[in-house]
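Spelled out from the first residue to the last, the chains are:
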Amino acid sequence: MIAENKGKLAIYWAASCGGCEIAVLAIDEKILDVAKHFDIVFWPCATDGKVRDVEKMADGSIDVCLFNGGIRTSEQEYMARLLRRKAKVLVAFGSCASEGCIPGLANTSDRKEIFRTVYQETPSTENPRGVEPQHVTEMPEGKLYLPIFYDTLFTLDQIVDVDYYLPGCPPEAERIWDAITAILENKLPPKGSVIGVNTTVCDECPRKRSEKKIRKFYRTWEIIPDEETCLLEQGLVCAGVATRAGCGAKCPQVNSPCIGCYGVNDGAVDFGARLMSALASVIDSDDPEEIDRIIREGIPDPVGTFYRFNLAHSLLRRKKKAAAGA
Amino acid sequence: MADETFEPKIVGFMCNWCSYRAADLAGTARIKYPPNVRIIRVMCSGRVDPAFVLKALSLGADGVMIAGCHPGECHYIEQNYKAMRRYYMLKHTLQALGLEEDRIRLVWASAAEGQQLAEHIEKFVEDVRKLGPLHWPANFQENGERLHAVEALAQEHAESLEVL
Numbered sequence: 001m002i003a004e005n006k007g008k009l010a011i012y013w014a015a016s017c018g019g020c021e022i023a024v025l026a027i028d029e030k031i032l033d034v035a036k037h038f039d040i041v042f043w044p045c046a047t048d049g050k051v052r053d054v055e056k057m058a059d060g061s062i063d064v065c066l067f068n069g070g071i072r073t074s075e076q077e078y079m080a081r082l083l084r085r086k087a088k089v090l091v092a093f094g095s096c097a098s099e100g101c102i103p104g105l106a107n108t109s110d111r112k113e114i115f116r117t118v119y120q121e122t123p124s125t126e127n128p129r130g131v132e133p134q135h136v137t138e139m140p141e142g143k144l145y146l147p148i149f150y151d152t153l154f155t156l157d158q159i160v161d162v163d164y165y166l167p168g169c170p171p172e173a174e175r176i177w178d179a180i181t182a183i184l185e186n187k188l189p190p191k192g193s194v195i196g197v198n199t200t201v202c203d204e205c206p207r208k209r210s211e212k213k214i215r216k217f218y219r220t221w222e223i224i225p226d227e228e229t230c231l232l233e234q235g236l237v238c239a240g241v242a243t244r245a246g247c248g249a250k251c252p253q254v255n256s257p258c259i260g261c262y263g264v265n266d267g268a269v270d271f272g273a274r275l276m277s278a279l280a281s282v283i284d285s286d287d288p289e290e291i292d293r294i295i296r297e298g299i300p301d302p303v304g305t306f307y308r309f310n311l312a313h314s315l316l317r318r319k320k321k322a323a324a325g326a
Numbered sequence: 001m002a003d004e005t006f007e008p009k010i011v012g013f014m015c016n017w018c019s020y021r022a023a024d025l026a027g028t029a030r031i032k033y034p035p036n037v038r039i040i041r042v043m044c045s046g047r048v049d050p051a052f053v054l055k056a057l058s059l060g061a062d063g064v065m066i067a068g069c070h071p072g073e074c075h076y077i078e079q080n081y082k083a084m085r086r087y088y089m090l091k092h093t094l095q096a097l098g099l100e101e102d103r104i105r106l107v108w109a110s111a112a113e114g115q116q117l118a119e120h121i122e123k124f125v126e127d128v129r130k131l132g133p134l135h136w137p138a139n140f141q142e143n144g145e146r147l148h149a150v151e152a153l154a155q156e157h158a159e160s161l162e163v164l
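Read top to bottom, the protein sequences are chains C and S. Here the first sequence is numbered in the numbering used here, starting from 1 and rising by one per residue. Here the second sequence is numbered in the numbering used here, starting from 1 and rising by one per residue.
Check the hints yourself; a few may be wrong.
[Said to hold, decoys possible] A few chain S residues that don't get close to chain C, going by computed Cβ distances all over 12 Å:
id: 1; residue: Ile39
id: 2; residue: Arg41
id: 3; residue: His75
id: 4; residue: Arg85
id: 5; residue: Ser110
id: 6; residue: Glu119
id: 7; residue: Glu126
id: 8; residue: Trp136
id: 9; residue: Glu159
[What the hints assert, rightly or not] Simulated pairs of lysine-lysine, DSS-like, Cα-Cα distance not exceeding 27 Å:
id: 10; chain 1: C; residue 1: Lys321; chain 2: S; residue 2: Lys9
id: 11; chain 1: S; residue 1: Lys32; chain 2: C; residue 2: Lys320
id: 12; chain 1: C; residue 1: Lys216; chain 2: C; residue 2: Lys250
id: 13; chain 1: C; residue 1: Lys191; chain 2: S; residue 2: Lys55
id: 14; chain 1: C; residue 1: Lys321; chain 2: S; residue 2: Lys55
id: 15; chain 1: S; residue 1: Lys130; chain 2: C; residue 2: Lys321
id: 16; chain 1: S; residue 1: Lys123; chain 2: C; residue 2: Lys320
id: 17; chain 1: S; residue 1: Lys9; chain 2: C; residue 2: Lys320
id: 18; chain 1: C; residue 1: Lys319; chain 2: S; residue 2: Lys9
id: 19; chain 1: C; residue 1: Lys319; chain 2: S; residue 2: Lys32
Simulated from the structure, these hints should not be mistaken for laboratory data. We put the CB at the ideal spot given by N, CA and C, even for glycine.
Start from the sequences, fold in the hints, and give me the full structure.
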């Protein structure tokens, strides 16, 4: 029996690793509170449910949909559009849905390159006939369809209207619970808000800052940083200065630089631009050639460093495509 | 991809205290420079957030010029050095994203250097013209096949998934 006053909850994943689904369970026994207040009407990872059941639901009949993952295929786009129609509140849950995350780094490539790597070139692949997924396959019985794989990974809000964002790779359990409580108590922030805090990881980080400048960027395996001083001031590329707080500065506290999984903080539009600005300020040189050398030697992979979690949602969104600009 | 008729769209961020005045000086002195550059006055080259440059490119600019005071002559002491560091940072990243090196350029021009600024602009416009249009938004526009495939899914579901 479905209690009449219970809300309806849907959880869906698209292009993501599955960590967000597990993160939902990291709220531990509080999941029982969720079950007390919500009927889970669609959660393919955990419960049985069919797309056609969702298709038959009335528009707006799902109260909240937590959608994790970016949009990489036509099927994922279809599900995003379907769940947007059926849900009153659509939450971009986690870094992939909000900002593209690691799957978004494939925006440095395109469908052709990705297929070549995955279906031809990986050492464990044996594919002598060079078979690749086709959108339509003609069979004697009729046509078979596979989703179209896009050249570019899109974030959820690049496809449909998104009500709230819950950042993090994956979101921390406490922040998930904050969001669920806000939904339950109907204390939601204005539409379009990020549910979370509005400070940076630096504000949560206990390390000492002294505005020291550096002459070389180190990669994490090159030095063992001391445990008290700001990692950036020791030459490690720490993204804490650009990253939204909410994680409790877990990485810097175990001597590992922040990599920016909580995304850009309020007030900045482009994570990479913010980080580039910040890093430019700590370089201790006024000589163009030396500056260029420090940057090129210390940051061999600028896209992976500045946009590890945000490329799909950055201003440029992807690497230039060979065919574009013609 | 040289195109005789292609007129590059250039956004120029110019410092209030030097290069913007150099552009003014070029105007009053009747020094000609190509009209391709759309000048945006900023208080200092150090005010130019890399996001400004990225936004200009993402909205369809073919090239971006940043112009500031000569090193050591910044009105705000040393912010043009900051601009210089950001510029190299940005250049490194843009190259990794497949943009040609000549799409962005940092130049110095004092308020007295109208002629020099005009020459910088002329050179930059010619260099970008040689590169051809950038047309960045085309990079993530999927073709019509995509929307068709999404619409077709609903139909396919209706036809094939109904199990009685």
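These are the hints, each one checked on the structure:
no.	hint	result
1	Ile39	21 Å, holds
2	Arg41	20 Å, holds
3	His75	17 Å, holds
4	Arg85	4 Å, violated
5	Ser110	18 Å, holds
6	Glu119	20 Å, holds
7	Glu126	18 Å, holds
8	Trp136	7 Å, violated
9	Glu159	9 Å, violated
10	Lys321/C x Lys9/S	20 Å, holds
11	Lys32/S x Lys320/C	34 Å, violated
12	Lys216/C x Lys250/C	25 Å, holds
13	Lys191/C x Lys55/S	24 Å, holds
14	Lys321/C x Lys55/S	18 Å, holds
15	Lys130/S x Lys321/C	19 Å, holds
16	Lys123/S x Lys320/C	24 Å, holds
17	Lys9/S x Lys320/C	18 Å, holds
18	Lys319/C x Lys9/S	20 Å, holds
19	Lys319/C x Lys32/S	36 Å, violated
Hint check: violations occur at hints 4, 8, 9, 11, 19; the rest are consistent with the structure.
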